[in-house]
Amino acid sequence: MNIYDIVFYLFAAITVLSAFFVVTTRNIVYSAYYLLFTFFGVAGIYVLLGADFIAMVQLIVYVGGILILILFGVMLTNKITSVEIKTGSVQVVPAAVGVALLAGILMASMVDTKWRSVETAMPSATTQGIGMLLIQQYAIVFELLGILLLIALIGAASMARK
Amino acid sequence: MMQVGLNHFLVVSTALFSLGIFGIVTRRNAVMVLMGIELILNSANINFIAFARFGNFGLQGQVMALFVIILAAAEAAIALAIVLNIYKTFSTVNVDEIDTLKD
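From first to last, the protein sequence lines stand for chains A and B. Heads up: the first sequence begins at 1 in this note's numbering, then just goes up one per residue. Heads up: the second sequence begins at 163 in this note's numbering, then just goes up one per residue.
I should point out that these hints are in silico values taken from the structure, not numbers from a laboratory. This one's a predicted model, so the numbers in the text were calculated from it and none came from an experiment. Note that beta-carbon positions come from the ideal geometry of N, C-alpha and C, so glycine has one too. Among the hints, erroneous ones may be present.
Stated by the list, open to error - With beta-carbon atoms standing in for the labels, derived distance ranges:
id	chain 1	residue 1	chain 2	residue 2	range
1	B	PHE252	A	VAL47	40 to 50 Å
2	B	ASP258	A	GLU143	37 to 47 Å
3	B	ILE244	A	GLY88	39 to 49 Å
4	A	ASP5	B	THR251	43 to 53 Å
5	B	ASP261	A	ASP5	41 to 51 Å
6	B	GLY167	A	GLY98	21 to 31 Å
7	A	ASN2	B	ASP258	41 to 51 Å
8	A	TYR30	B	GLY220	39 to 49 Å
9	B	PHE252	A	ILE140	22 to 32 Å
10	B	ILE244	A	GLN91	18 to 28 Å
11	A	ALA13	B	GLY217	18 to 28 Å
12	B	ASP261	A	GLY129	12 to 22 Å
13	B	GLY220	A	TYR33	18 to 28 Å
Claimed, not checked - Among the chain B residues that face chain A by a calculated CB cut under 7 Å, a handful are:
id	residue
14	VAL173
15	ALA177
16	ILE183
17	PHE184
18	ASN191
19	ILE199
20	ALA206
21	ILE211
22	PHE216
23	GLY217
24	GLN224
25	ALA238
So here's chain B without its partners, still in its complex pose (with noise of 0.2 Å):
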């Protein structure tokens, strides 16, 4: 096998890119789907750091990985509040039973 560089970096990214995809598009549990964002944003982040590293760019790429992660924190505290409020109203978190938009 080759020298571990850039590629196989993004090749893991890109399998963390496509299993999210894969999570948010078939699961019906609205928990699932946020798990599958999760993975896309942890591939992303995978991204920013390896061009960070092998680009040469300094710091600048981990700062980006930094604010993605903080952005994350917020969007599942926030996703999982609207997630509870559903499951009070709906008494079902499956995101393909919940088509209604007044009660």
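Chain A extracted, bound-state conformation (with noise of 0.2 Å):
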């Protein structure tokens, strides 16, 4: 077992059983807080696939911009000071036997199946490949997403501010 195994199910380990604590816990900004580990952990899961450019991009977008959001939405919409930030969950016995059996299936078919699988040396940088990409072959994707964020930020400001 080397170093990039055991870095491996460090990171494994950090996500999912804080994304386990996420949907767990009762307290809402505790569930925000293990959020950040869970990112944490993908974004090492991104660098250890060799995407480093989407790893930075992981943590700068979803830990500094999306997990920022969710705080300020768990602060706008509850009382802190009273308990109401406790929020309960319903039907967790049915929900809990229906997610096993679909992970089960999920899992199995997953090991089971043989995928192409190429032998491939570790990428290096790969920011210059993809940027390389977003400006030619998928150009129109990218300017359409640049008017999608646009519109995206007027819409939310002008539902926001009614």
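Bring the two chains, given one by one in their own frames, into a single complex with the hints.
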């Protein structure tokens, strides 16, 4: 077992355990903080897969943006001083059974399938390649996403101000 | 334990996906539902990048993962604006109590 495997198991454990606490902790603020560790773990998994640029984007956009947004959502929609911030769960047992069944089927089929797996060398820095793809092959998608983000910005601001 | 390969990453992403589904189904708070959606998007991204790495697809999968992250940011902003409006209207964000289409 080399260092790569150990680091993988470490990040996988961080990701899955903190994701488990995200969906089971009763206090929603704690859930938001556990989500931070999940995002960090996923970023580590991206690094292990050789996606350094995506890992950095994950940290900047998810941890710096979406998580802060979610925390604002929590703070603005709950009375911090009351017990309201502890939110309940409904139908935990049937959901757990169904989800466990789904996860079992998915994992069994994924492990059972003979995926086309090519042994390739760990890719070097990916930023330049992604940049070239974004302005050549995916130029239209890139522009459309820019417009989409502008629309989302205006829409969210105007909806939240009403 | 065996060498870490494609299957290991797929199992992690499946676990994340299942936990996200569990969160969406069981939690009553709308913001928690949003967190479950973020977990599912992350699991999809792990799949994209893992297949790009082990299937020798170059950087295409990573660009797709980048697009997913951008869409997740837009989706979180819009969803939280909707949640704020719901809170203003109903004084609650529990999704099982918001059951009217008009006020």
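Each hint, compared with the structure:
1. B:PHE252 x A:VAL47: 40 to 50 Å: holds, 43 Å
2. B:ASP258 x A:GLU143: 37 to 47 Å: Because 41 Å falls inside the window, the suggested range holds.
3. B:ILE244 x A:GLY88: 39 to 49 Å: The hint (39 to 49 Å, Cβ to Cβ) is violated, given that B:ILE244 and A:GLY88 are roughly 21 Å apart.
4. A:ASP5 x B:THR251: 43 to 53 Å: Cβ of A:ASP5 to Cβ of B:THR251: about 52 Å, so the range 43 to 53 Å holds.
5. B:ASP261 x A:ASP5: 41 to 51 Å: Taking Cβ atoms as reference, B:ASP261 and A:ASP5 lie about 49 Å apart, which means the hint holds.
6. B:GLY167 x A:GLY98: 21 to 31 Å: At roughly 29 Å between Cβ atoms, A:GLY98 and B:GLY167 fall inside 21 to 31 Å, so the hint holds.
7. A:ASN2 x B:ASP258: 41 to 51 Å: Cβ of A:ASN2 to Cβ of B:ASP258: about 49 Å, so the range 41 to 51 Å holds.
8. A:TYR30 x B:GLY220: 39 to 49 Å: Hint holds: Cβ distance 40 Å, inside 39 to 49 Å.
9. B:PHE252 x A:ILE140: 22 to 32 Å: Hint violated: Cβ distance 41 Å, outside 22 to 32 Å.
10. B:ILE244 x A:GLN91: 18 to 28 Å: holds, 24 Å
11. A:ALA13 x B:GLY217: 18 to 28 Å: holds, 26 Å
12. B:ASP261 x A:GLY129: 12 to 22 Å: Since the Cβ atoms of B:ASP261 and A:GLY129 sit about 49 Å apart, the hinted range of 12 to 22 Å is violated.
13. B:GLY220 x A:TYR33: 18 to 28 Å: violated, 36 Å
14. VAL173: Result: holds, 6 Å to nearest chain A Cβ.
15. ALA177: holds, 5 Å
16. ILE183: holds, 5 Å
17. PHE184: Because about 5 Å separates B:PHE184 from the closest Cβ in chain A, which is inside the 7 Å limit, the hint holds.
18. ASN191: holds, 4 Å
19. ILE199: Given a least distance of 10 Å, the restraint on B:ILE199 is violated.
20. ALA206: violated, 11 Å
21. ILE211: holds, 5 Å
22. PHE216: holds, 5 Å
23. GLY217: Holds: closest Cβ of chain A sits about 6 Å from B:GLY217, inside 7 Å.
24. GLN224: Cβ of B:GLN224 sits 5 Å from chain A, so the hint holds.
25. ALA238: Interface hint status for B:ALA238: holds (5 Å vs cutoff 7 Å).
In this structure, the hints that do not hold are numbers 3, 9, 12, 13, 19 and 20, in rising order.
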